[in-house]
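Protein chains in written order, with my numbering: chain A, 8 to 384; chain B, 960 to 1031.
What the hints contain is simulated information worked out from the structure, not anything from laboratory work.
Heads up, a few of these hints could be off.
[Unchecked claim] In silico DSSO-like links for lysine-lysine, alpha-carbon gap of 30 Å or less:
id, chain 1, residue 1, chain 2, residue 2
1, B, Lys-1011, A, Lys-176
2, A, Lys-206, A, Lys-348
3, B, Lys-1011, A, Lys-180
4, B, Lys-967, A, Lys-276
Just so we're clear, the structure is a prediction, and the values are computed from it rather than from any experiment.
In case you want the letters, here they are:
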Amino acid sequence: MAYINDFKDPILAQRLLIKTLKLENRPPNTQNTTTPKLENCPQTFNIMEVCGTHTMSIYKHGIDKLLPSYINLLSGPGCPVCVTDTAYIDMAAELALQDNVIIATFGDMLRVPGSTCSLSDMRAQGMHIQTVYSPLECIALAKDYPDHEIVFLAVGFETTTPVIALTLKSAIKESLHNLSMLFSLKTMPHAMENLILDKSVNINAFICPGHVAAIIGTRPFEVLSETYQVPMVIAGFERLDLISAIYTLIQMKHDKYYGCQNLYKRVVKPEGSLKALSLIAEAFEPASSSWRGIGTLPQTGLTLKPSLSHFNAALKFNLTLPHAKVHPDCMCGDVLRGLKKPIECLLYQKLCTPSHPIGACMVSSEGTCMNYYKYNS
Amino acid sequence: MCIAIPGKVLEIYQGEALVDFGKVQKQVNTILIEDLEINDYILVHAGYGVTKIDEIEALNTLEVFKMLCDDF
Ligand code: SF4
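Chain A with its partners taken away, still in its complex shape (with noise of 0.2 Å):
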């Protein structure tokens, strides 16, 4: 395990942070003429993560709070909990009531809240939920319950949906026609298009999901970068990783050019993983998507292929979108935007704790909300 706990290591990861600190003191390096240059570089430097994984180590490790006043970690609509519209909540309840019905979730999804209860309390009243660590177990929870249908709850960004690619896979090759899933997929590089294109947000980095890229590649995040002279680095989970994401990017701008750098470079190739790839695209195409709190982004989900569609739980069983109701005071859309901090929603800490969560961005240990109420409380 000696490389992997190697990216671990704190003085290594104090020594880079401290380095990261002096870089404003040292003058710019403009001499390199290939790279290309950024036109307007602001004084203060909004970096944004766009994976739950990073919002979580960054809050864990506390290095939101080591960073020089200029430099201010955002985080995006990375967590697939956080980002999981109300009304889609509001729709797996709706199944778990049918006779005969039995959810299949990820633990994560239990607490998130819908328009009238989680899928937690349902399953305290009675209903037939039940947890799985991955949608592959789904197959044999259709076989040893025949006379049910399971419903798996299909929800998250590039990494899951192999996976679930896989599982339909295996459920046409077993002739399984007691499982359907209630579809929610997203994807990422046209929600960060979005995001950079929203000007109220004002995003000047990112951090990108490194294990989304290890599934679509490095080539979109660099489409990106080059079109909107957005510095971007694809990165690790670990502090050495994260501090040196931070280091790249800060070095980005004190010398003003932009491109994107594959950090992560022992998961992430420049292809991505062809296999995975191409069971997305049997299964799969792009669609738009509804984003907690933001609304629907065209381009940025995806949907079953028109061959598939017994395996939809929406049509299968007739439903259709319902009117959900959130709090009124919910910033859980700001938040999730990098607009606002958690502190700043009224509902934080007040009404909205991790054990009685409001928002979905309190629930999941990737959430911004929840790691701001874990590590600054």
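Fit chain B with the ligand to the supplied structure of chain A, relying on the hints for placement.
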């Protein structure tokens, strides 16, 4: 839920492997990983192996990080 964790491959079966995560061992789907060998480190998410962790690249990256620190 998007966490992916590294583990060491202990045994290989058809399309699956037994992976050691330090405290627990788990069987994971490895269909997406090519040329898997015992003792490889792989990244696992939601019950499937996402990719192998490239030792040479890991060591190269560590070298780069160390050089950054040395060059004060
Ligand atoms: S404190 Fe609660 S309601 Fe407010 S933004 Fe965070 S999760 Fe949403």
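Tested hints:
1. B/Lys-1011 - A/Lys-176: Since the Cα atoms of B/Lys-1011 and A/Lys-176 sit roughly 23 Å apart, the hinted pair holds (cutoff 30 Å).
2. A/Lys-206 - A/Lys-348: Given that 30 Å is the threshold and the Cα spacing comes to 17 Å, the pair holds.
3. B/Lys-1011 - A/Lys-180: It holds: about 27 Å lies between the C-alpha atoms, which stays within 30 Å.
4. B/Lys-967 - A/Lys-276: holds (20 Å)
Of the numbered hints stated above, none is contradicted by the structure.
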